[in-house]
Amino acid sequence: MEKYGIGQPVRRKEDARFITGAGTYIDDVAAENMAHAFVLRSPFAHAKILNIDTSEAENMPGVLGIITGQDWAAEGFATMPTKAAISKKIDGSPLNQPPRHCFAIDRARYIGEPVAVVIAETREQAQDAAELVEVDYEDLPAVIDARKALAEDTPRIWDNIEGNVCLDFELGDKDATEKAFANADHVVSLELVNNRVTAAPIEPRGAVAEYDATTDSYKLQNATQNVHANRTTFADVLKIDAESLHHLAPDVGGGFGAKNSSYPEPPILLYAAKKFGRPMKWVNDRNEGFQSDTHGRAQFSKVELALDKDGKFLGLRTRTVGDLGAYCWTNGPFTPTGGSARTQGGPYNIPAMYYSAVAAFTNTMPTDPYRGAGRPEASYQIERIVQHAADTLGFDPVELRRKNLMPTASLPRKTPMGLDVDSGDFPEVFDRTMKMTDREGYAERVANSKKNGMRRGFSIAPYLECSGGMPKEFAGISFTKDGTVTLRVGSHSTGMGHETSKPQILAHTLGVDFDRIDFIQADTKATPIGGGHGGSRSLEVGGAAVLKAANEMLDKAKVLAAHLLNSNADDMDFADGVFTDIKTEQTIAIDDVIAASFEQGRLPEGMEPGCLDTESIFEREIISCPNGAHAAEVEVDPETGAVRVEHYWVIDDFGPIVNPMLADGQVMGGVAQGLGQALMEEIVYDDDGQLVTGSFMDYALPRADSIPKMELGYYEDAPTAKNPLGVKGAGEAGCCASPPAIVNAVLDALKEDGVAHIDMPLTPEKVWRAISEAKK
Amino acid sequence: MYDFTYHRPETLADAEKMFADADDGQYIAGGQTMVPVMKQRLAMPSDIIDLERISDLKGISRDGNVLSIGAMTTHAEVAGSGDVAKAIPALARLADDIGDPAVRNRGTLGGSIANNDPAADYPAALVGLGATIHTTSREIPADDFFTGLFETALEEGEVIVKVSIPVPDKAGYVKFPQPASRFALVGVFVAQIGDSVRVAATGAGPCVFRVEAMEKALEKDFSASALKGISVPGEGLNNDIHASADYRASLISTLARRAVAAAE
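Residue numbers (this note's numbering), protein chains in the order written: chain C, 1 to 776; chain D, 1001 to 1264.
Derived by calculation from the structure, the hints in this document are not laboratory data.
Some hints here could point you the wrong way.
[What the hints assert, rightly or not] Quick list of in silico lysine-lysine cross-link-like pairs, DSBU-like style, CA-CA up to 35 Å:
no.: 1; chain 1: D; residue 1: K1039; chain 2: C; residue 2: K766
no.: 2; chain 1: C; residue 1: K88; chain 2: C; residue 2: K450
no.: 3; chain 1: C; residue 1: K450; chain 2: D; residue 2: K1058
no.: 4; chain 1: D; residue 1: K1039; chain 2: C; residue 2: K48
no.: 5; chain 1: C; residue 1: K766; chain 2: D; residue 2: K1058
no.: 6; chain 1: D; residue 1: K1228; chain 2: C; residue 2: K775
no.: 7; chain 1: D; residue 1: K1220; chain 2: C; residue 2: K450
no.: 8; chain 1: C; residue 1: K451; chain 2: D; residue 2: K1228
no.: 9; chain 1: D; residue 1: K1017; chain 2: C; residue 2: K219
no.: 10; chain 1: C; residue 1: K776; chain 2: D; residue 2: K1017
no.: 11; chain 1: D; residue 1: K1039; chain 2: C; residue 2: K274
no.: 12; chain 1: D; residue 1: K1039; chain 2: C; residue 2: K275
no.: 13; chain 1: D; residue 1: K1058; chain 2: C; residue 2: K776
no.: 14; chain 1: D; residue 1: K1039; chain 2: D; residue 2: K1086
no.: 15; chain 1: C; residue 1: K451; chain 2: D; residue 2: K1216
no.: 16; chain 1: C; residue 1: K766; chain 2: D; residue 2: K1170
no.: 17; chain 1: C; residue 1: K450; chain 2: D; residue 2: K1216
no.: 18; chain 1: C; residue 1: K776; chain 2: D; residue 2: K1039
no.: 19; chain 1: D; residue 1: K1039; chain 2: C; residue 2: K451
no.: 20; chain 1: C; residue 1: K89; chain 2: C; residue 2: K148
Take the sequences, apply the hints, and build the full model.
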């Protein structure tokens, strides 16, 4: 049992399937008599749709029909609402929410917006016909830069929305912060960008929709990371009963937030399945993904830090312009507002903080939460301004950070942003990371780099973030006579290994055989509720639900065990899968108790066969605060501007680690994703709104040789009391810490060149140019 | 991808006949550019004539101071060839650094130079080494072969048979990868043959070009320091989101020095 216990590096059960090509991804899904849909997307960032002529396309071989925005509008379907947790402006009025239909009806507002959908016998035929759909566009001026979108003379994207503003937002104590700045010895200020990126999951989005006329019900298999919430949205759009829509996800190849969003294609597909009486399939290709998957980050901020003469932090003020793209997408308005505000200041003791933001519309693909959803932005903001303070005021950057960390004795506390920080030991974590980084050998490494004409730099980046996502989660455990245990969960793995970690919790708690546990997720028929995947919630909420259900099952099993042993439930002890009567020392194994639960004759009064099946819902009251300290050492080639991350060190505090191998994977993946944002990833639209980075030929993702050797460790001595596992979300921490660690290390390397700041991504040209310009 | 008719001839004569008979024929070598272009529906040939089976187009041989490489020789074969490694190690390394293993196992020397992608590696090597391109109808010096952006001296239907490359005394190639595609943002090939030196830059402009000021300096003194102070004007160089013209110009100088230092 211990082999599969909590804390063990159990190998991923799902990997055998995934790495032998036996996984079932959406493109592997087929239904009998299935037709195919191809989405014709707007090639213009902003254009009126004057007319659509489908006559020629309709006569192409294999074409079953074509749906346009006008057809959709005629059906009277509802728009897709934003479900952002921040829904009001500062003055209390609701945010400006433009109507988001599944099609661009009379005006297209971003490249990739669906204009028409062609249904044909094959995808090729649908695509052939789509080329003959004649759309008469009238090009309109496109608004691409969110900062310019707010200017008075900028054209409106939505006629009734003045200034292209969705909402404004503030959090913190403005007056106290102003006072802190007024009384400060030093004030430093920096303008910086959190660059627009795309998730680029290895599996593009896609779905298969079916309609059953006899029961008037639908089945949607969808490459999503949130079946329950999207079922509600899709049903609302189509004005059908949510219960009539069975929404499930097969194996999903990565999401990173982008597959949480509610997209227009699935409802269109459901509609088409009914209209044409055929199952419908649609799968995006990679180019469509670049255009039409929600983007992340896209924030422009001014960050100011007030310090006293000794370098003690007194106040932090951040002002952000967030780029929402053309619509309020599913949670888009939350990211640059509440999402970025909560963890302002990171792990530092800053008595006064004030965050304000304005979220703007642009003619670009809308943004939505992307791995971290505001916390990586906040982490980058505080760590850059702290580094900038050290560099410009002459403090040692390591010492400046160390002395401003929240003292351990000050926990639990609430930050001025209202974040409930209950547990942790930030100075200890910081020191442990520093100890890993071999400072003794650093001077020699710097000298070696110099000898080769290179620069070397180092930075540590402590971080404090928080979990998020839906606070409720479901777990169901059921047993069969043959000894199989089935675990059904409402959380959703899109590659993180829940098929291993969730059964691990169950095996550990019940002492049942890990290999006998079947795992079901992402199916609205299997679980009554489900929060899917997002906000690093899966272990702290989903894992807690499994633990809760297991413990409730044990309470029942104890009663049965006592009955079987002719003893008293109060006298039953349970450990390692065995019930023991503490008085008589009689024992019975849980497997025997489970077997007995199917025999009516062996059950006490009030228990029925199958009585051990248990369903439970766990609800988190307060989000957890994952934290840690990462450090990076980089080498920069000043002649070419190329950056190489040479070493990377991590101590993370996620509470107790359930499966260190899975945790390592989360950390490394997050660090790699952050490295991508720091050094190479950026979605670029040109001034006319054309997407320049429309393929992997121009959008740079990190590759294996971009990733440094990482040394990882965990601080497990400060479990949180916010959930029964004591865990703190691990999924997004890596990309909170790595952008500032890497960017600050590069700037440390370029200190001698007089380079003060470079905006992400730190591409070779930008680094080279910064060095060249500093020389002037 | 649009529908097309696929042919796989065994001889050059058959291939040329198939091409002549086709409405809008297209030869295909390794397909590493052609197939993605067709998948994106950016090309609509009526007939694809696959040169894969034609044995006359394959193979590597050395005759005295001339290395011959058949047009349908893959990058992996060039990278793995003992003859190439011995004669021109820089060329073997160049081939080994193209794309990824799948690209190197499919992509060919002839396909690459016929396509003449401005960021391809082989054009720099062939111009840098003063190679000759042998086709079904003539011999073309590399200097005259690469004529512009995706353009070559090849006539309609003309097929590259092989290239012959003089073995240099020393040669070096250094490329700086475009961060996304890993094609050459700039690549510089330097070769010394007797008293003559050639410096060819790829990725930097619309088409591979020689840097004469550097060649002259290196003919006097084949050392990295001889290039000090020699810069290439940014004017006319490529300018895109990955690199501006002046950055590319700077890379030419840097990479040329490194290529000289690495030459063997």
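Verification of the supplied hints:
Between the alpha carbons of D:K1039 and C:K766 the distance comes to roughly 34 Å, so the proposed pair stays at or under 35 Å and holds. For the hint linking C:K88 to C:K450, the alpha-carbon distance of about 54 Å lies beyond 35 Å, and the restraint is violated. A hinted pair counts as satisfied when its Cα atoms are at most 35 Å apart, and C:K450 with D:K1058 does not qualify at roughly 47 Å. With a CA separation close to 30 Å, the supplied pair D:K1039 and C:K48 stays within the 35 Å bound.
For the hint pairing C:K766 with D:K1058, the CA-to-CA distance comes to about 43 Å; that exceeds 35 Å, so the pair is violated. Note on D:K1228 and C:K775: the hinted pairing holds, with a Cα-Cα distance of about 18 Å set against a maximum of 35 Å. A threshold of 35 Å between alpha carbons decides the hint, and for D:K1220 with C:K450 the separation of about 30 Å falls inside it, so the pair holds. Of the pairs offered as hints, the one joining C:K451 and D:K1228 holds, with about 19 Å between alpha carbons and a cut-off of 35 Å not exceeded.
For the given pair, D:K1017 sits about 54 Å from C:K219 by alpha-carbon distance, which is inconsistent with the 35 Å threshold. A C-alpha spacing of about 63 Å is found between C:K776 and D:K1017, which places the hinted pair above 35 Å, so the restraint is violated. Taking the CA atoms of D:K1039 and C:K274, the gap is near 31 Å; set against the 35 Å cutoff, the hint holds. Using a Cα cut-off of 35 Å, the hinted pair D:K1039 and C:K275 holds, with the two alpha carbons roughly 30 Å apart.
This hinted pair does not check out: D:K1058 and C:K776 have alpha carbons roughly 54 Å apart, beyond 35 Å. Annotation: proposed proximity of D:K1039 to D:K1086 is violated, straight-line Cα distance about 39 Å (limit 35 Å). Proposed proximity of C:K451 and D:K1216 is supported: the alpha carbons are some 30 Å apart, at most 35 Å. The suggested pairing of C:K766 with D:K1170 holds, with an alpha-carbon distance near 34 Å, which does not exceed 35 Å.
About 31 Å separates the Cα atoms of C:K450 and D:K1216, which keeps this hinted pair within 35 Å; it holds. Simply put, C:K776 and D:K1039 have alpha-carbon atoms about 48 Å apart, too far for the 35 Å limit, and the pair is violated. Restraint check: the Cα-Cα separation between D:K1039 and C:K451 comes to about 48 Å, which exceeds 35 Å; the hinted pair is violated. Straight-line distance between C-alpha atoms of C:K89 and C:K148 comes to about 20 Å, which keeps the hinted pair within the 35 Å bound.
The structure fails to meet hints 2, 3, 5, 9, 10, 13, 14, 18 and 19 from the earlier list, while all remaining hints are met.
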